[in-house]
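**Student:** Here are the chains, one letter per residue:
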Amino acid sequence: MALLNAILRRTALGVVTLFVVSVLIFVGTSILPGDVANIILGQMATPESLAALRAKLGLDEPAHVRYFIWLSDLLTGDLGFSKAGAGAGTIGTPISEMLMPRLVNTLRLATAVAVVAVPFAVTVGLLAAMYPGTKLDRAVTFTTLGLISVPEFLVATLLVLVVAVQLGWLPATAYISGQETGMKLVRALAMPALTLIIVASSQIMRMTRATVLNVMSSPYIEMAILKGVPRKRIILRHALFNAIGPIANVIALNLAYLVSGVVIVETVFAYPGLAKLMIDAVQTRDLPLVQACAMIFCATYIVLIFIADMVSILSNPRLRHPR
Amino acid sequence: MADSVEKTEARAAFEELPDAPPRRRLRLSWSGRLGVCVVAFWMAIVFIGPSISPYHEADILDEALFIVPGSDNPYPETDYQPPSSVAWLGTDYLGRDTLSRTLYGARTTIGISLASTLLAYLVGVTLGIAAAVGGTVMDSALSRFNDAILSIPSIMLALVVIAAIGSTIPILIVLTGLIYASTVFRIARSLGLDVKVSDFVEAARVRGEGLWWIVTREILPNVAMPMATDFGLRFVYVILFISSLSFLGLGVQPPQSDWGSMVRESLSGLPYGSVAPLVPALAIATLTIAINLIVDDVSAHAGGRLAKRMI
Amino acid sequence: MAALLEVDGLTIDARKDDGSLAPIVKGVSFGIERGEVVALIGESGSGKTTIALSALGYSKPGLEFTGGEVRLDGRDVITMPPDEKRDMRGQRVAYLAQSAAATFNPALTIGEQVTESPVLHGQMSREEAEDRAEELYRALELPDPDRLGKRYPHQVSGGQLQRLMAAMALCGRPDLLILDEPTTALDVTTQIEVLKAFKSVIKREGAAALYVTHDLSVVAQIADRIVVLYAGDILEHGDADQVINRPAHDYTRRLMAAVRPPPAAGQGDEALAEHLRDSPAIEVKGVNAGYGRRMDGSVTVKVLRDVNLTVQRGHTVGIIGESGCGKSTLARVMSGLLPATDGDILLDGQVLRPGLQQRDRSELQKIQFVFQMADVALNPRQRIGSILGRPLEFYFGLRGRERRRRVGDLLQMVELPPEFAGRYPEELSGGQKQRVNLARALAASPEVLLCDEVISALDTIVGANVIELLKRLRRQSGVSFVFISHDLSTVASFADDIVVLYAGRVVEQGPTDRVLSPPYHPYTRLLIASVPELRIGWLEETMESQEAQAGIDRVVRMTDTGCPFFDRCPIAIEGTCDRETPPVRRLGGRHAIECHRSEAEFLEGSAPA
Amino acid sequence: MKDILKFQQMVRDGVMGRRDFLAALGALGVTGAAATGFLHSSSALAATPRKGGTVRYANNLHGPDDQMDPIVFTSGIDYTRGRATYNGLVQMRDNMALAPELAEEWSANSNATEYTFKIRKGVEFHDGSPLTADDVVWSMNRHLGEDSPSVAKALFQSVQEWKKVDGHTVKAILKTPDSDLPAKLTEKQAKIAKMDTEDFKKGNGTGPFVLESFEAGVRSTHVRNPNYWRDGANFEALEITAITDPLARANALIAGDVELINQVDSKSIPRVEEADGVRVISTPTSAYTGICILKNTAPGENDDFVKGMQYIQDRERIVRSILKGHGTIGNDHPVGPAFGPDHCAELAQRAFDPDKAKFHLEKSGVTSAELHVAPVRLGIVEICLLMQANLKKIGFDLRIKKVPTDGYWGAVWMKEPMNVVSWNMRPTANAQMAIQFAPGAAWNDTFWNNERMGQLLTAQLAETDPAKRHGMLCEMQTLIHNGSGMVIPCHVNEVDGASNKIQGIPNVPFGSLGAYEWIEFAWMDE
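Residue numbers (our numbering), protein chains in the order written: chain U, 8 to 330; chain P, 380 to 690; chain A, -14 to 594; chain W, 74 to 599.
Everything labelled a hint here was simulated from the structure, so no lab data went into it. All values derive from a computational prediction rather than experimental measurement. Please note that a few of the clues may not be correct.
[What the hints assert, rightly or not] Within a straight-line C-alpha distance of at most 25 angstroms, the following computed DSS-like cross-link-like pairs (lysine-lysine) qualify: (1) U:239 with A:70; (2) W:488 with W:474; (3) A:287 with P:575; (4) U:142 with A:45; (5) U:239 with A:45; (6) W:194 with W:257; (7) W:257 with W:237.
[What the hints assert, rightly or not] Calculated from the model, a selection of chain P residues having no Cβ within reach of chain W, i.e. all distances over 10 angstroms: (8) 410; (9) 420; (10) 439; (11) 463; (12) 467; (13) 549; (14) 550; (15) 591; (16) 606; (17) 610.
Idealized CB from N, CA, C, for every residue including glycine.
Using the sequences provided together with the hints, build the complete structure.
**Tutor:** Here it is as structure tokens:
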């Protein structure tokens, strides 16, 4: 019951947040100059044709009406049209059609990074927490500290120079067409993935270590020491179980970052992901596309945080086994 | 009479024992102290940097300065020059002195970041504490709004806003401040909620104190320490964020130097082994690492100490 | 035969900020024979826990062993290699901490934690360990022993958890148990049964034990020998009988003197009769209150039900009951911190508005609240001077010199030197902080002082001193006191009237004298009987009585119908007590009992043990 | 007129953001430019093209608004794809001469008001349908009319309509005489698509490559058209994408991830030059970037102020260290040496002279000014920074306000008193000057209106005597040099990067890599 309540409560919160986000995005994109009709018509805009298209698209409605139309379209999966490839006289490309390949690319990269970074970082973070003050711990602490303190564009650029330009091991850019398989795909993803793995792992490692050490200050850990429980078991059984919630949160935040915050990496490696699509859309004032991308990013964040919360709710025996 | 003597003695001897050893004063390890030194160094540069720098940040060094004695080339290259007696840390892509720009850049970079972080704190703490002490309705409204802001990727948000209204230092500060206010809000709110239910706040409430007193005199002083630690971390994030914005070309106005755009501008020198992009990158890294070292030290948990006793 | 554990010249130091060492334990020596229970008694800061932990070769972070040895069967555990230490811990020496709630890992089942040590040490297989655990659950009289292991810590009560910790310690059949204040955090009624369980199980297992506590009454029930500690030194060391009945050292005598006598009729401070005027200072009429206020004004968790009480001017009313009975809630309602859902609070005959915001400053000034934990009730970021000065400024507009003078007076009033005004709370001892806490309330020159468990967190001597101070203040000021405590002895020695709360209801109230003498409400009887006496053998006697049976901890029910005490009551009437709300029986004067039984039935069926 | 202005503004927006519109309005008579260009052109060597290979090309810009509809082509990547997918009626080749493409031949009536084009027979669209006059008429008529979305409609304002004569003959009926029409048909928007095409993303043209996949802002892939109407392309397949970061773009070339890139930034030039297997292709043009000072407002209305700004330009240093030699010194008029004999060589070069600058600025009484800068062309920001640093030395405070390229041409250009511009090379010196400096011209961005200038522009078109022509051109250049508010410190080269495997890139200075003609004519060595 408590469990169900917590889940329902959390779900409701997520939905409310999504709603607030949609309002913010709608309002936020309205501050960009130019409206959709202007954008679709582009250079063939005349006052009459603009008015006509505005009426057709419902742009002459008041803002709140437009918002609800947009929201209901969004909920029914109709993301609208981008001006992309509009050519002359046609209305443009359905946004869903444009997003799909980008989304796939972004997810591909995110997955590649997550699959490597999460297990690696959590393991190393745990090891560091297990042997605090040792050489391993100090190495981990200082390396991660250094890496999170350096702007990621520097990490990316140095990697390109060394790995791609100097050594020629991997391609300097990462454009993928979607047809690549096997080694070709791995090679294409390697550089951006490597950069992101370095950046994301550092964060996850640090947070895992800190979280576990935080749990380590609990009296029940002292009790376990006094019961003669060996170090490994203290960490893996006593500390980790209580740290699952916070660690899940850290992982979720970093994954959300992979999907949305990789602008710089996508720029340096010319990787055709969602973040770059959104930047381009902002620059070309492609409002429907900006809105759609923004919604995807925010929804991803909210869903990931939601999953992390679910994990911590489910890992909490108080909720799982009510009195 | 011997009895009474003994009694007074005993009374004197068995004073109440202190409840607990006095709280450990903040004591920094060598790494923390190193951090303090580095931060102090950069803070000093913020104030004296421009007056000790050999050139102005905008100065494009004359070609004449680089003429190699005996060479017949009257127009030597001035960009991406290696460190020399003319330019101690070499020159950037335009032939400007990297050292001078780094020294000037400290003021811009640290100034903007500090102002942004302070703004983030002003807004975040005000709203966070308001959410904590205000009613449920206010709390949920602010929290949902904040969650929504948090869910928007910050770089994207910055891009949209800058695309719409352009990039000036005030805009940069306000924008960054507001973006980071959302994370501060979360922390301030949860700390505020913790302190709010503490007995000394109840004692103030039961005395009839107003909200202002409770917030400023009872709550804020008690969240100051954890907030200060967080301030350090937040400051680091802001520096990196602003550097990233500069990297994307959305930073300060030229010829003003800030470390992020210095890296970006001179990135093309990297393949030639120029130190121009490395010096500002190093400046960013030393400052952020130093702050992190201090923060790590201050927030070193008892957990770390306990974990060392594990067998 | 060599002792099982020999502590020999043990010195432990704390590493201070400047790197220098401050002695915590100063060359302590004593021994524990097999099967023997040795008590370490001392106030907080005496080093007793530090010594106890050294028996496990362990010191808290920040402390260092700097001298002496702690030998277990002749082997020094301090210098033992890590592997051996790990083997020794849990298997040969087991530890019971003060707060079981904190020492049980919330994420693991009870069974896993109880059996963990013997299984890890290879003493027994998992199945054997589980059988052994179940056997211990039974011996410790824990409910539902065959399924208890599958449950999580939050699913059992505090008293049960405390006993489960004993099971955890005993599971591996250790030679030595270290018990660190294992009953201090418990209610009296729970304490007695946990003590009982510990005592019998230690006896049964034949283990030796080191029992650390500040409570002499508890020590009297369980220890064979007593070591009295003060500031890291042993002051007295001897047989329990000798130390308790013929204490040699002056400090021990002071400890003994500070123990409050068990509650009995005839107590109550008559000295203030002159202050008694029969006009009520504060009245509580038909108050209902609780937490989780809904939109319609009702609450999700109802705590107080139809509470009525009156505090006469200059009078002291003691409110007593187990934790969770609503004592603090009542104080919060009276202070206005928690608005009542129904009923009124009257100050000087005037109805007070329920919430703080609606009350005016003079009303607020007249009722002052002294919080339970001085540690957290004083803002750590304010100096004592500002803590005390603020009410002076707030209520009376005092500033500058005048304010400083009054702060000095207040400090003097609570027997603290005036220079304390410049200190921060953390620089004060627990008792001193509680005095400041009290002085802050007095600064408002209140008519009613609500004292919520003001001495529960204090050591015996310190607490006794605070009580003396309160008595003096009452004599001098004529303030009315509402004195809340779970400790009946304290209340009995201080209050004119006693109000007994159970599950949010007033089950008995009246003058102290009358409440503490028959006829009793069955719950009052249980409370009286549970207060440990500083007398060897008291526990065994009490264990036989029927009150002890009623004490077996059950979850306190909050009911809307019937008597809440029904399922613990030895004289409950099936079919009536569980269905109908008991009537209030007026027994003359202010004395009233809420019970279905008649006065005659109380007297015949339940003379005090 | 208002609509025209609006349209032009919009085109300008497009041009400058990332565009190259009007970069090449044919190159009639511009042989001077060609002469220099040939030095770099491998097609001058008599090597035999090799068939085969997949070439990967990385442009500097792309985005979600990449197009496949020719009439809205606006960027280099669009032009590249357009050249691969479609053909025009007329083509410009290495020798700068017009060559027939889909039109086998054309003729005009005597007063150039009616043109007749014979359409090549046996040409097939990629979907297999034959090319007919209907397709040509439909495609060309899309540029006409007020409501036409064509970005090139200004070019075809002289055309009344296109008419079908028979299955393979079409006529263009003109409103006004226009002897430049064939040259204008080489324009990148003037491509022939299948009649009634609605979805241009399929790219159904007659070009040397068949569009295989197209993802706006990501990439497109193209395979050789096996049924091309002439010998056709040498490459087996094309992959066209963009790498916006200049450093990353150069890295990709050096690392061998791509074979061709455009816009090698000056800092990467030495690296590309030094790296094995790749080369820099630098083509001098008359395109320029400079500082535009409005003459109709303060401070530009003061001639001394403009003089000061012109004398403070360290032109040699700009070309030497900012452009790394890939440019030529400008003389504050738009006709650069790339125009050969049309360039007024006898006009004295304005030199870097801080003293004179100081003198003029002091005389003007202006002590500070604000310059709006957007990175409209590589190097311009650096030029402004150098100018700012030099002005600081003579005690003048120039504040630089960096604004985004986005919307720059609408919000800043021709509005702020000091801004930066970037102009591409026009087909003739006359056109190059007329567009900006004719009195009342829509794009007269310095608002310098000189009557004499107007007269000369008209008269020079009618003049046939070479010496007189040159004299008039020189006078106009001198007028601009002395009177306008334009500061032109340098003309910039088109700098591309190519793998050494890629040979035979034609030399046409009006666009990158031989104005996109490499697609059909370059080849890849083993």
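**Student:** All hints are to be evaluated individually against the structure, with a verdict given for each.
**Tutor:** Now the hints, each set against the structure:
no., hint, in the structure
1, U:239 with A:70, "holds (16 angstroms)"
2, W:488 with W:474, "holds (14 angstroms)"
3, A:287 with P:575, "holds (23 angstroms)"
4, U:142 with A:45, "holds (24 angstroms)"
5, U:239 with A:45, "holds (20 angstroms)"
6, W:194 with W:257, "holds (23 angstroms)"
7, W:257 with W:237, "holds (20 angstroms)"
8, 410, "holds (35 angstroms)"
9, 420, "holds (28 angstroms)"
10, 439, "violated (4 angstroms)"
11, 463, "holds (17 angstroms)"
12, 467, "holds (19 angstroms)"
13, 549, "holds (13 angstroms)"
14, 550, "holds (12 angstroms)"
15, 591, "holds (42 angstroms)"
16, 606, "holds (35 angstroms)"
17, 610, "holds (30 angstroms)"
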